[in-house]
Amino acid sequence: MKKAGAFIRGLIIFLVCMLEVYPLFWMLTASFKQQYEWSEKPAYALNSGFYWQNYSDAWTRGHMSTYFRNSLITTLISLVFIVIFSSLVGFAVTKMQWKLREAVAKYFQFGIMIPVAVALIPLFQIYSRGRLLNTRTCLILTYIAFGLSLSIYLVQGYLRSFPDELMEAAVIDGCGIYRLMYYVVVPLMKNAIVTVLVLQFFFKWNDLIFSMTFISDSALKTVQTGLLYFSDEFGAKNWGAIFASVSMSVFPMLIIYLILNRKVMEGMTAGAVKG
Amino acid sequence: MKNVLGNRKAIALFVVPALVIYSIIVMLPVLWSLYYSFYNGSPGLKWEFCGLDNYARLLKDKNFRNALSVNGRYILITVIGQVGLGLVLSLMFRFWLHRCKTLVRTLVFFPVVLPTVAVGQLFAKIYEIQPNYGLLNSFLDSIGLSRFVQPWIGQSSTALWCLCVMDIWVAMGFYSVIFYGALLDIPDDIIEAARIDGAGSFSLFGRILLPLLRPMIITSLVFSFSGTVKMFESARALTNGGPGSATKSLSMYMYDVSFTYNKVGYGSVIALVIFLICVLGSIVINLFDVKD
Numbered sequence: 001m002k003k004a005g006a007f008i009r010g011l012i013i014f015l016v017c018m019l020e021v022y023p024l025f026w027m028l029t030a031s032f033k034q035q036y037e038w039s040e041k042p043a044y045a046l047n048s049g050f051y052w053q054n055y056s057d058a059w060t061r062g063h064m065s066t067y068f069r070n071s072l073i074t075t076l077i078s079l080v081f082i083v084i085f086s087s088l089v090g091f092a093v094t095k096m097q098w099k100l101r102e103a104v105a106k107y108f109q110f111g112i113m114i115p116v117a118v119a120l121i122p123l124f125q126i127y128s129r130g131r132l133l134n135t136r137t138c139l140i141l142t143y144i145a146f147g148l149s150l151s152i153y154l155v156q157g158y159l160r161s162f163p164d165e166l167m168e169a170a171v172i173d174g175c176g177i178y179r180l181m182y183y184v185v186v187p188l189m190k191n192a193i194v195t196v197l198v199l200q201f202f203f204k205w206n207d208l209i210f211s212m213t214f215i216s217d218s219a220l221k222t223v224q225t226g227l228l229y230f231s232d233e234f235g236a237k238n239w240g241a242i243f244a245s246v247s248m249s250v251f252p253m254l255i256i257y258l259i260l261n262r263k264v265m266e267g268m269t270a271g272a273v274k275g
Numbered sequence: 276m277k278n279v280l281g282n283r284k285a286i287a288l289f290v291v292p293a294l295v296i297y298s299i300i301v302m303l304p305v306l307w308s309l310y311y312s313f314y315n316g317s318p319g320l321k322w323e324f325c326g327l328d329n330y331a332r333l334l335k336d337k338n339f340r341n342a343l344s345v346n347g348r349y350i351l352i353t354v355i356g357q358v359g360l361g362l363v364l365s366l367m368f369r370f371w372l373h374r375c376k377t378l379v380r381t382l383v384f385f386p387v388v389l390p391t392v393a394v395g396q397l398f399a400k401i402y403e404i405q406p407n408y409g410l411l412n413s414f415l416d417s418i419g420l421s422r423f424v425q426p427w428i429g430q431s432s433t434a435l436w437c438l439c440v441m442d443i444w445v446a447m448g449f450y451s452v453i454f455y456g457a458l459l460d461i462p463d464d465i466i467e468a469a470r471i472d473g474a475g476s477f478s479l480f481g482r483i484l485l486p487l488l489r490p491m492i493i494t495s496l497v498f499s500f501s502g503t504v505k506m507f508e509s510a511r512a513l514t515n516g517g518p519g520s521a522t523k524s525l526s527m528y529m530y531d532v533s534f535t536y537n538k539v540g541y542g543s544v545i546a547l548v549i550f551l552i553c554v555l556g557s558i559v560i561n562l563f564d565v566k567d
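Residue numbers (the numbering used here), protein chains in the order written: chain A, 1 to 275; chain B, 276 to 567.
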């Protein structure tokens, strides 16, 4: 009796895992199918061969190569700035001594609550007046600004438990503030920085609303906007190429996740639990 | 020590650049929206002060009411689904799972990191009926339930549900990992003691676990709520608001009004409503966090 119960429990958990994973597996098999397989066999059938043509179609005719490059450039540049800014500001408002630090910390924290939609219309006007629409600059600026609140908050939470004694020892040894930052604080903050990096990487890479609003030039589109209009370009019938492009956009995530899975889970949940 | 940490030049250098970018791109637009909301037309062309007209219009706008109701139903279903199923999964992991814990959590968490648009495209094909049956319909067809074959996202009676199912699928693993972490923090002794005192599974959950998990449940509800109020990307990718306006959310309506019809002032009013709902909802949920 006990054994049967354990078996059923195991089965339920197995089914839950299948439920989460099977659609992705299906996507992968579908990306290798040829056109005729869709009409002749049911959708859940395995691919009969590996039809790589789908991938090369998506990569060249579907412009996925351009979209990938654009996404990489905007995401990486904004990540660098988000990390630098959030560690500096986080340090300044938790560990340094000045009058307005509480107020400034609150001011940055307020941004966590602001829905993107509220800023969208004015930002569009600002960028269009500044002739920044359809440039990478406006996308990068927006990504940095909207990444700050949560990142600073996470850094603050980490720095609060940072031992003052370490900094004191460094200062007694003659460290100025910049050397203290570079040689003592930043190396010990590595964990917080990785959390911020992981969290913001997924946020920025997966952004749709900003890139579809500010970028209409197809040479500058990111992966997400590209995917959205993909079926228009290929027609709704070329499922193979659509699946190939969707799979392609999933692979980087899959690889990063498989390598860093514990870090990713920590980072993503930190955004909710502490934010 | 004081000298080093009170270095004004350094503080300015650390804080000012970020402060400037943040103020211009995040804070200024919020105030700007408020200013826009009192104007009619589009900036540059026929831009005139109209007082509270935009707000009055909101009350009579059928499309707005529709978006509000769609968004409301979406929030209700998705929040309950994400947090509720997340909780159920975490309990299963805690009490049923003895091996492969990391593997199972890794698998279940995976959809969280996927790009929303990719998930939307994938599910669009799962629900597809034309030109070929998608995954769901071909399953139904092959197990003899072909009378349930239907255009899942092509008809307004099921489209919103399909969208909710997709977003629950994406996020339930996320909440299960959060709750699992919280469950591990509850010492085994407490659970053992309750069992010895004769608590069954349900009273163990209701009397012991639920109160201890409450802070985490509230946090998750707020997080899920503020994510679903913004409802845009997943709906844009799966159904694009359709069929008709059966899945058109407040954010999508705002987007249409301001960028397709160029009514910037009215769009700003809708944006402010979204902001208000976000803030008020979070406050209301937090009211349940009674400190005892």
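Among the hints, a few may not be true.
Straight-line Cα separation of at most 25 Å, DSS-like style, residue types lysine-lysine; simulated pairs [to be verified]:
#1 Lys335/B to Lys106/A
#2 Lys505/B to Lys337/B
#3 Lys505/B to Lys538/B
#4 Lys284/B to Lys99/A
#5 Lys321/B to Lys335/B
#6 Lys190/A to Lys263/A
#7 Lys190/A to Lys95/A
#8 Lys538/B to Lys376/B
#9 Lys95/A to Lys505/B
#10 Lys284/B to Lys263/A
#11 Lys2/A to Lys376/B
#12 Lys106/A to Lys95/A
#13 Lys106/A to Lys284/B
#14 Lys505/B to Lys3/A
#15 Lys505/B to Lys335/B
#16 Lys337/B to Lys538/B
#17 Lys321/B to Lys538/B
Since the hints were derived computationally from the structure, they do not count as laboratory data.
Could you tell me which of the hints above the structure violates, numbers in ascending order? 1, 8, 9, 10 and 14
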